[in-house]
Amino acid sequence: MSNYSFIPHRCRPYPLAVVSAPFTFTLPPELSAKEPPERRGLARDHVRLMVIERAKRAVTHTRFDRLGQFLRGGDLLVFNTSRTLPASLQACAAPAGPCMEIRLAEHLPDDSWLALLLCQRGDPFACGLRAGMQVEFGEGLTGTIIERDERIQRLWRMRFSKSGPELIDVLYRLGRPVRYEYVSAPWDLDYYQTVYAREPGSAEMPSAGRAFTWRLLFNLKRQGIDMAYLVLHTTLSSYMDDELDALHPASEEEYFINATTAEKLNRARAEGGRIIAVGTTVVRALEAVAERDGRVRAGHGYTRLRITSEHKLKAVDALLTGLHEPEASHLDLLTAFLPAEQIREAYEEAVRLGYLWHEFGDLNLIL
Amino acid sequence: MNRLQGKNILITGASRGLGRSLAIEYAREGAAALSLVARSSGHLKEVSERVREAGPATRLLLIEADLQHQEEIERVVATTLSEFGGRLDVLVNNASAIGPTPLPYLLDYPLEDFRSVLDTNLIAPFLLIKKALPAMVEHGGSIINVTSDAGQTGYPGWGAYGISKFGLEGMSQTWAAELDGSDVRINVVDPGEMNTAMHRAAEPEEDPNQWASPEEVTEVFVYLASDESRHLNGQRFQAQEENWGRKEGSNEGKRAEG
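Going down the list, the protein sequences come from chains A and B.
FYI, our numbering numbers position 74 of the first sequence as 74, with every residue one higher than the one before it.
FYI, our numbering numbers position 97 of the second sequence as 464, with every residue one higher than the one before it.
Think of the hints as simulated: they come from the structure by calculation, not from any bench.
Quick caveat: nothing in here was measured; it's all calculated off a predicted structure.
C-beta: ideal position from N, C-alpha, C; glycine also.
None of the hints are false.
Computed cross-link-like contacts, DMTMM-like style, restricted to lysine to aspartate or glutamate with a CA-CA straight-line distance of at most 20 angstroms:
id, chain 1, residue 1, chain 2, residue 2
1, B, K497, A, D190
2, B, K497, B, E439
3, B, K497, A, D188
Not everything, but these chain B residues come out facing chain A in the computed CB check (under 10 angstroms):
id, residue
4, S402
5, I430
6, E441
7, A445
8, T446
9, T447
10, E450
11, F451
12, G452
13, G453
14, L455
15, K497
16, L500
17, H506
18, L546
Just chain B, with the same shape it has in the complex (with noise of 0.2 angstroms):
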């Protein structure tokens, strides 16, 4: 408990799936202010509850918000830190996009999707970062951004959602060697296979009950949001493997060369 007392926190992607189980988890450990973002207003207000009973002196933030429109973005920002008197402690770039359902391949991705994927997942994290920067930077700040194993390795169908992922972590190392010394870290977290909605639509022949629920993964999300991992830069974390895919005694980020 009280794990984030003082801090400032935005999800994006907040009304569902592992966003809302890191706002309920955060409002838990004593955050100060969290600024939800979700395209629909309806399932934030579910969220807000369940946020109020698990931290009632959390402040609530809530902005509805489509991340693929860029101008969508400074208003998230502007109305987060008008919100939170310029301070920001953490972002998580949890927002993803998954594209068409049934999942097609590449050779068949329409384009206007696949650029709208991108913009969700890739182009607004680099805006909310760039623009939510400088509200981090006397202070400190964390930024976590949500990838998947896609990022990774190329899967069947997984086209513009998996192209994304590999960009957001290509982003990722690019952002924490720039910002090396700079006291903002920047790391990403392979959540896993979870139960959530999207999921299900991605893969509706697979049973969901294999996966993991998103509130058994926000461990690693409470540990990147608060001091104790203040000296960690430029990492990758696998929130359902053991230690999170780190191995034991690896404290130090990855720094830029030179």
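Bound conformation, chain A alone (with noise of 0.2 angstroms):
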């Protein structure tokens, strides 16, 4: 697989709302988790579990399987089950074109694809990529590019000459788990994987639950702690362009919400149980179909929705989360939860403490 740690970013001034991080910090490169607990000699639940009690303004710094501790009975985890998809594809322009990375974004209502384009030589985004280029991926797949994305221009919109489950399929004959600089090897695609995990979408793991596993999902349910479904199936995370990414633009995710996780929702919220979301894509599609009174219907649709201090959870009232980058637009999302001088001081605690951040690092319950 490709690791694209040497490729120039390129400035280019884009068209997006700009939002500036509401904090930022020094993470020194030793605290990017690099391989998978399991392979730093640790269970998947034994990661650290950083607690801020935002009514107590405490700061209690645990290991994960002990999250119990901190729930009670009546509580609502809810957790996305999205599968994540070997969303990184190899494929060379036909006939004898340049070769690249596609790594896929998102799945649209038109079954076609929006996907990040990365040239395999020299400037990730100068190889001639253009509409109309037909790409070949093996395994008898081929893909047309057809546009660039009106609103994230480094995304490019492409149809495969497969749909359904025969692409299903064929992706994950050919595909890797989308892998960034700091990872140290090509991990296989079920590190990449929630214990949870069904259906197939994610162009990236939704890492808040990865360490979750089955004996603690059985003990917390003895404990009185429900649970609750849904997915959003996540897009890329970097868009490989440093100011792009700086931008924060509002990537859209499709999600699905059921009428069993919507009763379970509405019925723990009318008890009195705090609805604690699994991730920041949680909190999203929550917020996103959640009405004034934070009751939320079943549904099925796109979010856009970027959640920043101006906005007032309705539907969620904690959050389970990992370590995020400086700059990172998930910071955004925190200062919903809690003030941002809060978020940095635990911040800091976590990075003396020696935290580490990244989809196979350590976690944040915000309370």
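The two chains are supplied separately, each in an independent frame; assemble them into the complex guided by the hints.
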């Protein structure tokens, strides 16, 4: 699998709303989790957990499998069950054109896809990428590059020669998980799945739930913690363009919330239980569909909701999430839960204590 | 009829023998969707025609995969759940490899063949259950593992196959204990001696007419796939015995202690 850590990023103005990060901090490179915990000699659920209790203004450092100590009967954990796709594909333009990595970002309603195209040689965006280009993947799969996305111009809309389960089947034969430069090796797709993953569709793992094990889930259930499930297929977290990434373009993501989940959420809320989102993707899906009184309806749609300090949370009371990079858009979302200053203090402490960042790293519970 | 209405079902080893018969019978019983997995797409196409005749309303997904390769299993589950909207009700781990024929003694068993049989018969069901379980926990579901009397008794020549079935039965008990209280149940079925290509290859000197045809043993599989068996967990059934080898009134599943 290609490693794009060498790629020079280009600067280019984009007609997108600029959102400045709520605060910044220095993340030493050694605090990036380079391997899954299981490959660092840790059990999946033995990563560290930083608990921020807003009401007490208290920060506790513990281990993830002790999560139950901070929850109470009647609380509802909401999980995103989207399965990670092997969304990184190698393709070459036909005939004898440039070869590239194609990272799938989003499956669109008309069955086309948004994808990030990265040239394999030289400047990642300058190998003659153009609308109308035909690309070949192998295993009989071809694609047509249709046009640039109007909103996020690093993305292209493309169409595959296969669709439905036939396409999923061949993607799993050809693809690899999207991998960033801080990850030490091309780990198998299994390392990029939560234990409760179901339907495939995420460009990247919804990683806040990665540390859950079935043992922990069953223990929490016995403790009276209820669980509900929704799907939000994640898009790419980086467009491999520093300037564009810094603008935090509000990506569009597809979600599904079924009637059972909506009913559980509304009942838990009515009975005084806390709604605890496992991951920012769950916050995004629930806040996208919540009514003013916090009630949630079942539905399927696409959301471009941007959650910042200006957003008043309606459906979610607490959040389990990873630790986010300086300048990451997810930091904006955290400020909907607590003031930036409080997050900054906790993050500085996490850096001092050697917490690990990114998808294989440690976790943060905000109550 | 319609005992399996609304059920999304995945069957491995579905192109021939027992798997083929189960696919047809499950469609006849009104299964909503079938994901049929087999090494060869050629046989699967023939099965799909029979399935369509038996249950025209049953949605059908055919997946060609060799389950001895672990990476194939993620593809099988992902493709199935993509088509099934993330919900699976029944998983039948039926695919089995017999190993080299004529059946060698363990003393003569080539290591590569030994591993290959265990990969197909034991590791693949382990991974399939692990990966399919998330699609079952919310609504409940049934996992049926196909075993053999060679999974309880050691027979000369049935080395890797028998060992894999011993393992499968033990693994099923552990799964049943761990899943206790989860609404997902797991049971094993010994279909008994059947007239299948695999059995004929293993025992070419025997008269296959003395063995049951796969169509004759499907009833217990329908029962276990249906909601009629929702309280049963961790049990072993013998398809060709009276009352499937169970005593009358034994309707409680084996439950884990503590």
